[in-house]
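Could you put together the complete structure from these sequences and hints?
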Amino acid sequence: MRKRTLHRGLTAFWWLTLAFLYLPLAVVVLFSFNASNSAASFTGFSWRWYERLMGNEEILSAFANSMILAITSSVLALVIGCLIGYGMYRHRHRKLGWLIVLIYLPIVLPDIVFGISEMAFFVQIHDLTGLLQPGLGTMIIAHVTFQIPFVALIVYSRFVGLDPTLFEAAKDLYATPVKRVVHFMLPTIKPALISAFFLSFTLSIDDFVISFFTAGPESATLPIYIWGAIKKGVSPEINAIAALMIAAVAVAAAISLAFSRRRLT
Amino acid sequence: MSETITADIADRPGATPAAEETPREAAGRKASSIEMQGLHKRFGRDTVALDGVDLDIRAGEFFTLLGPSGCGKTTLLRILAGLEEPDDGSLVVGGKNVTEVPPHRRSVNTVFQSYALFPHLSVRENLAFGLKMRGVPATERDAKVDEIAGFIQLGDLVERRVDQLSGGQRQRIALARALVCEPDVLLLDEPLSALDAGLRSQLQVELLRVQKRLGMTFVFVTHDQQEAMVMSDRIAVLNGGNIQQVGAPREVYERPVNAFVARFMGHDNLYAISARQGDRLTTALGTLTAEEAGEGELLLIRPETLDVLPGEVEGPNHLQARVAERLYRGSHAEFRLEIGDASLQATINNRGRHLPDVGDRVTVVVAPEDLVTLSE
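These protein sequence lines map, in sequence, to chains A and B.
Heads up, the first sequence is in UniProt numbering, so the first residue is 1 and it goes up one at a time.
Heads up, the second sequence is in UniProt numbering, so the first residue is 1 and it goes up one at a time.
The hints are simulated quantities; they were obtained by calculation from the structure and are not laboratory data.
Honestly, I wouldn't trust all of these hints.
Each pair of labels, with its calculated beta carbon distance range [said to hold, decoys possible]: (1) A/181 - B/43: 55 to 61 Å; (2) A/157 - B/100: 31 to 37 Å; (3) B/137 - A/14: 54 to 60 Å; (4) B/167 - A/157: 23 to 29 Å; (5) A/157 - B/44: 26 to 32 Å.
A quick note: this is a predicted structure, and the numbers were derived from the prediction, not measured.
For every residue, glycine included, the Cβ atom is placed at its ideal position computed from N, Cα and C.
See the structure below:
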């Protein structure tokens with residue numbers, strides 16, 4: 001009897017937690033369909049804010065920037081992080097503790113510290129060489145920098161989960177070094193690579209702080225646009241952007257999760 | 001049906017264009033001999049894995065490397081595969097020095113202990129992997145995979161996914177994946193150790209059948225002396241990176257050269273020789289006459305060569321004993337006998353005669369021709 005009460009209590013707690021996490025998101029999504037521009041009362045269903053989005057040049061350009069930034073940085077981070085992850089795997093028997101910590105550090109460092117550092121660094125380089133004008137270029141570099149650790153760790157843990165004899169079996173079965181990469185390593189870690197790409201993509205789309213410090217005047221992304229627009233008050237248009245971003249990130253995160261769960265025996 | 005396929009694998013007519021294009025495959029159908037000379041390998045500063053191994057393996061032989069873990073048998077196998085490079089010494093396979101040839105350019109394939117089937121590939125793709133890497137065209141690959149699947153009797157396993165296979169099925173796929181490449185030498189790294197006893201003896205028989213039909217050189221690694229005796233044409237017993245003895249199973253079991261080999265082959269009846277007069281050897285058991293007493297300072301008496309008679313019987317090489325323990329095993333019984341302060345193991349076949357009980361006085365009869373001397 002007591003056990004059942006406890007069980008009910010825990011179930012209620014679970015739903016309460018979910019509500020706490022998702023109700024604010026639900027409110028944003030709901031009001032993005034509000035017919036009036038009131039943020040207080042829902043007066044009827046309408047697509048009008050979504051239609052307004054489509055006509056807003058500034059928002060479309062911010063959306064384009066966000067996509068270019070997310071895709072380019074994720075691809076670059078995938079290539080570099082994959083190589084680092086493999087290197088960490090290959091040399092895992094050496095004493096590399098401090099190197100692993102170096103890889104982890106950007107993950108735990110506060111974004112604002114990271115953003116300020118990147119900005120200061122880019123300014124220095126720009127003053128010295130004239131290169132790295134703040135804009136999409138600097139943002140891509142900054143994003144790649146914080147995405148690499150995630151990719152490297154995902155790839156590394158995939159390799160660690162493999163039977164090490166598989167590498168030897170590939171050699172034994174006449175695979176040259178290049179063929180081992182093409183026919184064994186890449187296909188074997190493919191789920192990890194897909195997962196890492198979509199995680200990087202999500203991180204990039206979500207990021208505001210680091211983007212804010214490294215952006216140029218022409219390279220506002222959606223979060224930066226929202227930050228600017230919100231100073232004038234929350235409009236239902238912002239709700240619509242937020243709702244779209246929630247959808248996009250949810251899809252990317254779901255893909256990432258689905259492939260990271262895929263375990264091979 | 002499988003007979004014709006076997007014959008086909010053993011001596012495929014060289015008329016097919018693909019066979020003419022790859023002379024290595026033609027060579028693969030001949031069994032190759034292996035010569036190892038002065039192989040040394042150490043790991044780190046203090047771990048000596050191989051301490052100067054000289055060993056010749058004949059073409060077409062089922063050869064077993066036997067020894068406890070850490071004896072160097074796996075290192076030796078990995079050197080044969082090319083997965084490990086010796087610090088010193090040379091390795092010749094089929095008349096070619098391959099000491100520094102990387103594994104992907106050696107016509108040697110391995111059946112790994114963990115099977116190492118590629119999880120991202122189907123069974124068929126696993127079987128075809130080696131052929132694909134060697135550039136064999138797809139249609140020929142398919143034909144060879146079907147052929148080997150018939151030979152190993154894989155049936156519908158070929159169309160399954162790797163994660164749908166049981167341990168025994170994986171083992172057979174791993175064997176087929178290596179055999180389909182028609183290597184000069186097949187290496188097997190404890191391939192049966194992960195299987196339960198029943199399946200294990202079934203696969204031992206199958207492995208032997210495959211080796212005899214293909215006539216391929218097999219090098220087999222195991223720590224199980226029973227398995228080694230069942231399977232091998234010859235056995236090399238290793239310890240501490242050195243070869244202790246090389247010989248046919250009967251030689252190694254019945255005439256071990258030293259105490260290590262004797263104990264590893266399962267012998268417990270070893271006695272220090274305290275005095276000798278010609279062929280008369282004195283040990284803690286008393287004085288026994290051997291047919292041919294060798295140089296060694298230890299006397300080996302195999303438990304199954306002994307006769308145990310009830311009561312006290314006088315005669316040459318007759319020892320008076322008391323039964324201290326009896327283990328009844330159905331087909332035979334194992335006795336621990338006390339002779340003075342010494343103890344002696346004896347195994348008696350159960351032929352329905354009276355089996356002595358614990359505490360009985362018995363007489364042990366030792367045949368002079370079954371006594372072996374060996375060194376420590």
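Results of checking the hints against the structure:
{"no.": "1", "hint": "A/181 - B/43: 55 to 61 Å", "in the structure": "27 Å, violated"}
{"no.": "2", "hint": "A/157 - B/100: 31 to 37 Å", "in the structure": "35 Å, holds"}
{"no.": "3", "hint": "B/137 - A/14: 54 to 60 Å", "in the structure": "58 Å, holds"}
{"no.": "4", "hint": "B/167 - A/157: 23 to 29 Å", "in the structure": "26 Å, holds"}
{"no.": "5", "hint": "A/157 - B/44: 26 to 32 Å", "in the structure": "27 Å, holds"}
Checked against the numbered hints given earlier, this structure breaks only hint 1.
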